[in-house]
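J.: For reference, the chains in residue letters:
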Amino acid sequence: MTEQATVNPSNPVKKRSQLKAIWFRYRKNKLAMFGLALFLSLVLVAASSGLFLDYDTQVIEQRMRERLQPPSSEHWFGTDQYGRDVFARVVWGTRISLFVGVFTVTIALTVGTLFGALAGYYGGTVDNVLMRIMDIFLAMPGTILAVAIVGALGPGLVNVLLAMAIARIPQFARIVRSAIISIRGQEFIEAAKACGTRDGRIIMRHILPNAIGPIVVQVTLHMATTILGVAGLSFIGLGIEAPTPEWGSMLSEAKEWMRYHPYLMVFPGVAIILSVLSLNLIGDGLRDALDPRMKN
Amino acid sequence: MLRYVVKRLLLMIPVIVGISFILFVIMDLTPGDPARSLLGEYARQEDVDALREEWGLNDPFAVRYGRYLASAIRGDFGKSYRTNIPVVQEIISRYPATMKVATLAILFAMAIGIPVGIISAVKQYSLVDFGSMATALLFTSVPPFWLGLMLILIFSLMLRLLPSVGTDSWKSFIMPAAALAAAQMATMTRMTRSTMLEVIRQDYIRTAKAKGASQRYVVLKHALRNALLPVVTVVGIGFGNLLGGSLIIENVFGISGLGTLMVNAVKSKDSPMLIASVMFAALVGGLVNLAVDVLYTYIDPRVRSQYVKG
Amino acid sequence: MEERLLEIKDLHVEYVTDEARVFAVNGLDLTVNRGETVGLVGETGAGKTTTALSVMRLLPDLVGRITRGSIILDGIDITRATEADMRLIRGEAVSMIFQDPMTSLNPVMTIGEQIAEVLHLHEKYDTKEEVEHRVDEILRLVGLPPERKGEYPHQFSGGMKQRVVIAIALACEPKLLLADEPTTALDVTIQAQVLQMVRELKEKLNTAMLLITHDLGVVAQTCDRVGIMYAGEIVELGTAEQIFQKDERHHPYTVGLFGSIPDLTRKTRRLSPIEGLMPDPTDLPPGCRFHTRCPHRMPVCEVESPRPSYNGGHLIRCHIWDDRRCSQ
Ligand SMILES: Nc1ncnc2c1ncn2[C@@H]1O[C@H](COP(=O)(O)OP(=O)(O)OP(=O)(O)O)[C@@H](O)[C@H]1O
Ligand SMILES: [Mg+2]
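In order, the protein sequence lines correspond to chains A, B and C.
So for the first sequence, our numbering puts the first residue at 1; every next one is plus one.
So for the second sequence, our numbering puts the first residue at 1; every next one is plus one.
So for the third sequence, our numbering puts the first residue at 1; every next one is plus one.
Honestly, the hints are just simulated from the structure, not real lab data.
Hints are supplied without guarantee of correctness; some may be wrong.
Claimed, not checked - With a Cα cut of at most 30 Å, we get these calculated DSSO-like pairs of lysine-lysine:
(1) B:K100 / A:K255
(2) B:K123 / A:K28
(3) B:K123 / A:K30
(4) A:K255 / B:K123
(5) C:K246 / C:K202
Please take these sequences and the hints and turn them into a complete structure.
T.: This is the structure:
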């Protein structure tokens, strides 16, 4: 079977050409390329904002005499109720939201992969116990679970992210598990086992690299939903707190001034949309590129 | 079939118990004293201690959890630490608001998402298809609360058509439902489109065309029913989530539903309230899930015959 | 009444996909007379199904299209007919049995509904009872118990499903039946039964049939005339006797196809494999399409595409048998 041949990791040349084929298909997808460009420019904004913005004086310092000014050539996005430059804050917010996405998903992915790999590879009781526990977590509304965990951990940026990560672990565990189950039975795994390769090594070297496709797709999509989720929590005052320029908490402050200063609502909102959109586009594009059969 | 339903219901029990345990642990780890927060910062320590004793907060974890389970089995889920009202009663009084928003939202989403998905699939690569896919993409990326705020800005503050907060009339539910519906609608549109595209390529669709049926007839009579299964799944998942209450949208529109109840419970360390309401949300979600699975058997005879046999 | 029921002239069909442009049918001429059975034989990818789908005008949307030629069915040019006309024609004047019975039936409708549907669509009967009566009748005709009409496709075996597909195709008693390998998906014993049934029904209803198959035995038993198809063209066409006649002239492809040409009397003779592969349909060779595999290749074959030569209705498209060339 050709399928077998293309997933066989013992052939590095094939592996590389497979990546090339994926990239080739991805590149043909205009929307996906747009998403990638958008995402890379957000990364660029986040990385360079530290160079031209000083956090203490330009992002959080209050200048009450300049408060609530509409957008102008001096303040592109206007100023907020404390006279802070909204443009600077929205730009700085990129750092925070990207950090939120990356940090949360990295933790959830690591732990979820561990659980999923154990469950999927060993099957039987291990699988049963782990997955029943995951089911319990999945049955709870995710946001309230995160809120409750934040309550236990105490407030603060990192704790909020940890809580979000914990709430997402089961979903990654599930994806990894099913990816592994679909690969476990294949011949080259049996062959590796027959050669006496250790389990951990089989999982790390043979199974996970082949399960990577669906996982990568989920990573991008989950980064998107995490950014949305954290913005939501911050908006109702249970996430990242002021004066940190997280987009959700900026919107929370702006809400008070919505009637007469609606521009305050617009820019952080658009920033959230763009970052989430870029990740969604990348995720969709990757999915199509990885599985050409699903296209159209 | 009935046996299957009963089995599924029984399987929900360990999940619900598991939820109670996990939340019990989390709440136990949460700093703060519910007795103190009920009585206030300046209450006498003796009174606080007395209340703690009355609620049994001084017993070890195992004893407290055991006691909770024992009374829960008898149908007693305790009283709210905050209001001293039985939590079940609180949930019953708060739930209609959440349910109304959720139902309205899912109806909005289905009424628009499914037809648009069908049209997109049938007219693949057309302008309509392009437009609806772009809209769907946008709607999956817009935070619902921001959408809600924009709706308030336009329909309450500028046009003065709809009330921005509360649950006084049916009008109050339109905007929160719309804000929640957008993302669901987007998923449904995309799901309907992709399954329809898949179904339209099947051989039996060609058979139907070979009988002399029109495009419209083939789509509505043959393709739609076959495409329904994944769509129903998406609707079910979405509805299940919505029925669990949205903390954020309820906050934006000042609706005191299940979501608000849960947030307040966390804030005031009101464990009985939190545990009961999360268990309730999980139960509702599980029931919707089950309903979807039962619905499958009506849609697809192949699924049906599985249950008849097993 | 005109003798000719179906007349395909110079048919060209292409599939255009993201990757390539496939020339599936390239100048095909074929006629089917009323009540006649014509076999269409050729290797996989020769364009047999494409030809049949063109007659139904059911080539896949956006991908497949007829680029040249005409298909006259009972006086109507299919390539020019409106979609509304086509709806009246499909299922009524011409119907098709598809290659794979397993996937040709809608899994969520009962087989009774699926047979009744074609009657409804062509408004054959006024009342529900009449339709149901006809459904029972046609089910009996194809050898299925009418009681089972309330069941779904997954409850039937492959052979039974094919009977249902045939029942649908014959329900309106079409003038022309396009049978695309009606038996290949079935196992051997069922094959014989189904074929026997198709032959009988055809006799009873006086339907003409275009029978697409790989199976030379089936051709020998069933067909009045046979067309041999290669890379989207008919390379040889004649009566069954002419094609199966050993000492007749044949196209080298036919010769290869038959290995040693079997007697009409010997049963089920499979196509014998020919050295080499069908040319890539996205990049067809110039001249005779078969020259890359032909044992009798001449220089002219590589540049000039052969004209058909006739010998008492027996058509061969090959330079070797082109008498005009010989006399030069
Ligand atoms: N939908 C399609 N898109 C692109 N190419 C197609 C499509 N359908 C058929 N083709 C190509 O057209 C050519 C003819 O195909 P066709 O199905 O008519 O062959 P066939 O003679 O019926 O073969 P078989 O005996 O395998 O059924 C083949 O090269 C095939 O790959
Ligand atoms: Mg074919």
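J.: Would the pair K123 of chain B and K28 of chain A pass a check requiring their Cα atoms to be no farther apart than 30 Å?
T.: Holds - the C-alpha atoms of K28 of chain A and K123 of chain B are around 22 Å apart, at most 30 Å.
J.: Are the Cα positions of K123 of chain B and K30 of chain A separated by 30 Å at most?
T.: Within the cut-off at roughly 20 Å; holds.
J.: Decide if the proposed pair is consistent with the structure: K100 of chain B and K255 of chain A, CA atoms, cutoff 30 Å inclusive.
T.: holds, 25 Å
J.: Would the pair K246 of chain C and K202 of chain C pass a check requiring their Cα atoms to be no farther apart than 30 Å?
T.: holds, 29 Å
J.: Would you check the hint for K255 of chain A and K123 of chain B, treating anything up to 30 Å between C-alpha atoms as holding?
T.: Violated, at about 41 Å.
Hint violations for this structure: number 4 only, all remaining hints satisfied.
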